[in-house]
Amino acid sequence: MNRIKAPLQKISNKFLSKNSFKKLLKINGSIAFLMCLIMFAFLAISVPKLFFNPFNIQALMFAIAPEGIVAIGMMILLISGVFDLSVGSVMAFAGLMTAMMLVAGLPIIVCIIIGLLVGVAIGFINGLLVEMAGINPLISTIGTMYIFRGATEFLMVGRSVDYNNFPEIFVNFGRKGFLGVYWMFWILIILVVVFTIFIVTRPTGKRLYFIGGNENLAKLMGIKKRKIRIGAYMISGLLAALAGILMTAKNDAANRYIGNVTHMNVIIACVIGGGSLNGGQGSIPGALFGIIFLSFLQNAFNLFDFESSMQRIILGFVLMAVVSVDGFMTLRRQKELGRI
Amino acid sequence: MEQKSISTLNNKKKFNWTSLTIIILTLAVFGFLWATSDTFFTFANIHSLVYDTSFIFFGVIGFTYLMIMGEIDLSVGSMFAFSGMWLGMLCDWGLPFAPALIIAIASVIGIGAINGILVVRFRVPSMMITLGMMTALAGLSNLLSTNLYGYYYPDAYRAIVRPTISIGGEEVFVLIIIMIVIIAVLEFMLHKTTIFRKMYYVGENLDTAKIYGIKAAKIKFITFIISALTAGIGGILVGSRVAYAAPTIGIGYEFQMLTAAVLGGASLFGGKGSILRASIAIFFLQLIRNGMVIHNIDPLLSQIIVGIILIIAVYLDTRVNKATTV
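Protein chains in written order, with the numbering used here: chain A, 1 to 340; chain B, 1 to 326.
If we strip away everything but chain B, and leave its shape as in the complex, we get (with noise of 0.2 Å):
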């Protein structure tokens, strides 16, 4: 205790090697799957498991955030389906893709105000809260996709992930160099800038950081709307590759984003989290079952193994943290 105290004042900070062990565990699960198999470690394979992850990656920058200052947004799964379904339906109306594609981010945006004030206002546990959202959500996607049935969006929609730039002489998705640039971008202001850092103290020690005169309530309000934003923002992108409502679409998603946020270091308890790291951990997710296909396992047992890492994870977690801070 003495140690960690003086430590804190010389601004040192110790090293934190359980912040590595997703990275880890994705080089090692990578290098077994060059190494046992020919067809894993080729372009097409690394490229389309990449573009995979990143339509859920834009879901988790919200939902991590959230998990940072403690709370959660259960809806951001049904969110995915709803937002791509809205701006389909508003097509389908006859509006003109742009002021569709602004009406699908307004509503979006109400969507996570929504959330936040009840969440704010009333101080209910943001879980309950984004329960209901999370219901009626998928009910009204529901709806939306049963009125869609048989309709393809317009070409202007479809158009969005179509894009492709050629890096030495291969194409690649713009939307996977998208990504790159976005968690370089929020690791750099996560460790530059003041804002990023108060996400922090509000999830470490509420009542400290309103002392120090952080606007607690503000800040978690702005941050259900990005996280409302994010998920409808990937639904969109979603969306626009399957081309139809398709009603499958976000379903379990939540669960593979908390996962995600999780094994990249988030807390239920709040404090913690990285943008960088759940990224690498939907990547991490992916990888599993790409090897099970790859090695003609069941992809049915990926569920099993998901959830055992999961519990092993938290588990290894809990024990780490307890040991530092008791």
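Next comes chain A alone, as it looks inside the complex (with noise of 0.2 Å):
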């Protein structure tokens, strides 16, 4: 693990402090790694039958799963200082589309492309909104969000075609798994090492992180920032169309409120995880353990039998708290270098 984070450390953190837990503290997604420990820890004490139990791992990977390989895409676009509000939508829009063509009785390897296809093609639009057209990504990527969340309602909404019975196939795809691990965890798994490996190795990678911390500068290295940010959003909706077609798989059946609070829950995430939207900072490992930490969480909270509720009341002040936490370092740290 250091040696993939000893490279993101150098990028991110040139002035590390001379105290060796602030430097602990300070290597990306250190804390939201910290939080996931401690909330395991908690768990694997207070109620370890229940933890423990076959279900309650299973429950917990088909939560973390689809909702980590959509964090990766937005940790990517994070870095490089945007963001992508549409990976829901696109989650339900390629989950209705793989099914429809499931159910036109194409071969499945055709309809899991065509869905990965339809991912990929709102990425390049919202790529092509926020770099080519010059729109706010939070304003571009809302307005694909509901385009395609509305796109996805109007074709399942009192239609008479019931999409699901799928293939026995398709279906145990999203089911089953190989070692006891499902299949859907393995390419979580799979995709965090590819690209946490790409990022950290490949020049593209670094580029990311120089386009998100700096665009001007970058533009003046001569780094071609809207090829890759546009590339970027394209890997964020081939992934997000990735978990939704898994999503559709697990349920047998295309779903209209796949992903409806997916891109909240990613982006809480990716910020715990260390991400920031100011951009030039996160890295892929950080973004996955937001995603554990979050799931962990809901899962206390039903282990305890508390009420749903509470959870996004306690989730929405970890967010503020990591926000402000995050805030009052990068100050101090600018207040050190004396640019305030």
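Careful: at least some of the hints might be erroneous.
DSSO-like mimics (lysine-lysine), calculated; alpha carbons at most 27 Å apart, straight line [to be verified]:
{"no.": "1", "chain 1": "A", "residue 1": "Lys335", "chain 2": "B", "residue 2": "Lys215"}
{"no.": "2", "chain 1": "B", "residue 1": "Lys210", "chain 2": "A", "residue 2": "Lys335"}
{"no.": "3", "chain 1": "A", "residue 1": "Lys219", "chain 2": "A", "residue 2": "Lys206"}
{"no.": "4", "chain 1": "B", "residue 1": "Lys192", "chain 2": "B", "residue 2": "Lys210"}
{"no.": "5", "chain 1": "B", "residue 1": "Lys218", "chain 2": "A", "residue 2": "Lys335"}
Keep in mind that the hints were calculated from the coordinates and are not lab data.
Hints in hand, dock the two standalone chains.
Below, the structure is given as structure tokens:
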């Protein structure tokens, strides 16, 4: 883990203090990792029987996998200084497209590819709107969020066709696993590893940080900002579509409510995991730890039989606290550097 | 560039045609609906349209002011749900209506102050802080609505939006009159008082505004309180109309308000925006929904249309502004 994080640390934090605990905290995503550990220890000690119950582990994997996959794409966008609110709508729309093709009787692999291509296309549209048309990412992705959520509802509500009863292989893809771990969780692990290695070792990965850190400087250095950001949006769309297809397979039905709150959860998880809306910070493992923390939190509330609304209240305050602490640290660092 | 500086020296503003976009759009849709439908231009229909507009209008006031200053408050939608239900809860606990109302308003102001202090003190993007507040308030109002299940608000609460006044033989809700008066007063104050001009200066260029001695942090803090307060008032009015704690109140309001503020000329970079045009934009969104019902178009398509309008409006806005500033 340290070998992967070391270059990130170099990029994002050049000014480390002498205190080693503070050093540890400044490694990107370590706060989320610590929070995960605390939640895990808390759950493992207080309710070991319920927590290590196979059904609970299963539920946790199903909760973590799709949002984790989406979070990878979101983190890449956040590093480069933009974000995407349309991921939830992409999940629903791509899932529905795959379901429609399956009901029409096309081969499974073709259906999945079509679903993924839909995601890539929506990501491309987002990228064009943000980079070519120059529309603020908040507005343009809210626009596409509206459009594709509306399109999903338009295609599903009040139609006589039910998009369910898919071929068994497709359903097993969402429900079965390998070595006791679900396919979707394997996919998540592979994607996290691949994208982490990509970002740490490839020049394009470093360019993402440069673009997020200082757009104009990156341009002067000759980095093709537009190309990279549009690519990042396309990856985000692709991953969201993949998550949507996996959810559709698991449910054995297209569902228009898929991803209703995903964009919020994922952004919150990424910010907890060290990302920043200002860009230039964050790491893929951080995003994963953020999602795992959220899932543990949800799990804790379920196991202790709390009302689910309590969970959102605490989540909101956790987000505000994390963001404020981050802001406070940045402010102090800038004061030390004499920028303020 | 030279011409521009000369024109500012002469203090003569060139008339900005883009500011009329939303008004022309609204008039066009209005005319279209009037021409193609018999049921549209009836007193009852127009009256209910304006009445619907008047609720979200309250939230839009604070929201637009924050956008003028280059900040954003995503918690307004949840605030709509929370404030109404919180007042209902206080009534359910047996408090008389007047103190309950005071406590509810005070809590709303407190929430706005928390948003404001965090954004101003720690210089965090307001979107993140208010996203957190939005989640927390949504959870709170969820909790309230499950606790208030089956409870109808007391008469004093339900009476707030009831009063009507007869104008020309027709009964008109007082709320509509209040809305029009507020719009007129705010628009007048915007042009005639320095307090509101300061907001634009802060939004346009924070550093310059500070050099000129404008207390930007204080103004921002107060505006966050105003934003929470106006949304809270709107929420209490909606609660008074719906009369019970419906869990669907306020869902998606923040995006509607954002759409309305942007259609009304506000920019996410601050320095622009107008209450009058934002209110017209809300009316415009209601018109579209109304028109789709009248013409038997699937109302599910309205989301798609609003999304497309939003993107086109902002695209045109960016193009026009780039042309004038670069």
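Going down the list of hints, with the structure as the test:
With a C-alpha separation of about 21 Å, the suggested pair Lys335(A) and Lys215(B) falls inside the 27 Å cut-off, and the hint holds. At most 27 Å may separate the alpha-carbon atoms for a hinted pair to count; Lys210(B) and Lys335(A) meet this at roughly 18 Å. A threshold of 27 Å between alpha carbons decides the hint, and for Lys219(A) with Lys206(A) the separation of about 14 Å falls inside it, so the pair holds. At roughly 22 Å between alpha-carbon atoms, Lys192(B) and Lys210(B) fall within 27 Å of each other, so this suggested pair holds.
A hinted pair counts as satisfied when its Cα atoms are at most 27 Å apart, and Lys218(B) with Lys335(A) qualifies at roughly 21 Å.
Violated hints for the displayed structure: none, as all numbered hints are satisfied.
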